[in-house]
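Chain order of the listed sequences is A and B. At position 106 of the first sequence the residue is numbered 915 (the working numbering), and the sequence of numbers has no breaks. At position 172 of the second sequence the residue is numbered 174 (the working numbering), and the sequence of numbers has no breaks.
A portion of the hints provided could be inaccurate.
[As the list claims (entries may be wrong)] A few chain B residues that face chain A, going by a derived Cβ cut-off under 10 Å, partial list only:
#1 Leu71
#2 Leu103
#3 Phe115
In short, the hints are calculated from the structure, not lab data. Using N, Cα and C, we set each Cβ at its ideal position, and we do this for glycine too.
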Amino acid sequence: MKGQHALVQLAIVAGALAAWETASRLGAVNPQLLPPFSTVAVHAAGLLTDPSFLKHLWVTVSEVLLACIIVAPIGVGLGLLLKENEYLGAAFRPFFYFLASVPKSVFLPIFILIFGIGFSQKVAFGVFQAIFVLVIATIAAASSVPAELIRVARANGATNWQLYREVYWPAMLPLILEGARLGVIFNITGVVFAEMYVSRAGVGSKISEWGQSFNIPDLFAGIILVALLSIVVNETLRWYEYRVGRWRV
Amino acid sequence: MTKLNPMAQGATDMPDVAVEALTHVYESASGPVEALQNIDFVVPAQRFVGVVGPSGCGKSSLLLMLAGLQRPSGGRILIRGKPLTKPEPEEIGVVFQEASLLPWKTALENIEFPLKLRGVGKAERRQRAEALLEMVGLRGFGDRLPHELSGGMRQRVSIARGFSQDPKVLLMDEPFAALDEQTRLTMGDELLRIWGQRQKTVIFVTHSLTEAVYLCDEVLVMSRRPGRIIDRIDIPLERPRTYEMMATETFGRLRERIWRSIRKD
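Just chain A, with the same shape it has in the complex (with noise of 0.2 Å):
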């Protein structure tokens, strides 16, 4: 039955290329606008082998790397700090809710402001973009480890440390994992828009270079490039979410 699916997976994918290829190659849709899906692949190709562009491609993944290693301890910390601090829980709580519902992206001209328009602008945006959901799931995450088990720990003698080692963090880790998820996928829409807007490094800037200069078919490629890497990058977090998660029925 599996194996049907991605069969039937594999056709969609394979008949939507054929007909972009072929309505793009019979003039059905401008190929000024729409160039045939050959192209694009010719095109995506090359980018990959093209230094520069490598270079570019490489600033956007470092920028979304070292966000994603400053929000993780800072938005699990903070998550754990407002669950089991009473007080700061219920002082601060409702502000990450509210402000988990605001669009970031009206926030990017203070970005701007504060860090300038390099490096340290995308990687902060990234984190403010990533932190709101990895906050509210680690939260929600703690707030989900049964007293039951708690209590089994503790009459047999668990440290604190112990309790947290054994019991919190293994109940914790799939419902984090899947807000770490969002996160990097909020963590990378939020470094490319950043690097879009106005930017002189980074696949974004490409991207929105090529648009503005009727760079069609690497414009295309651009695309496809960036959705495959995000695409790569959740799938692989969903794995491990459902590796460590598998006792969750």
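For chain A, the structure is supplied; the task is to place chain B on it using the hints.
Chain B only, in chain A's frame:
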């Protein structure tokens, strides 16, 4: 362990558990609530004592205190003469209600868990856990996660976990409450078999009167809140207990007596 120390033999008169004037009052939104009132009882070594009472009578509070998880407002608990102030897993093992297994650990890892918390080495705790798994009749199921086991099997794992530190006293908090009737009967027999082998002192909280009579040497009846001990009933049925005993007149009379105590309250 006591065999190593002949002097300790002299201490057999001392009860394993002594509860003295235990009182508990907690604060609620509508003022202080008296949960337990002047609870007194002793449990001699290797005795199987049941605690029954209406729901909300403070049975669970009492159990949390016996496990060292909650401090009473007054009175004290002595474990073989020593006041209990915090969890003492080497002295008291606890078998909780259903769903207290760590769902991400296998059956074997769950049994090992208390040993791991006390820093017992990997090889030793695996060996001890394997033996306990066998004791509860789950050989070959060690690698299963809790959700891959039936309710009865999960409770077997819980019991094995309660034995893992080889405590003198075993507290059991309605361990079979979530099981169906048949499994419940089987598990009762299993528990008695293991208890016969391992010589433990058991305090067994239940709301099933049949279970209380069938398993216990003595049954303590608690009143509605504030929880007090309103009756103590010796169960003179001989051991080993058998299913047929349930149909006897004595069994019925004992069950009736507990029921009357609860209802009178």
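Structure-based check of all given hints:
{"no.": "1", "hint": "Leu71", "verdict": "holds, 6 Å"}
{"no.": "2", "hint": "Leu103", "verdict": "holds, 8 Å"}
{"no.": "3", "hint": "Phe115", "verdict": "holds, 7 Å"}
Comparing the model with each numbered hint stated earlier shows that all of them hold.
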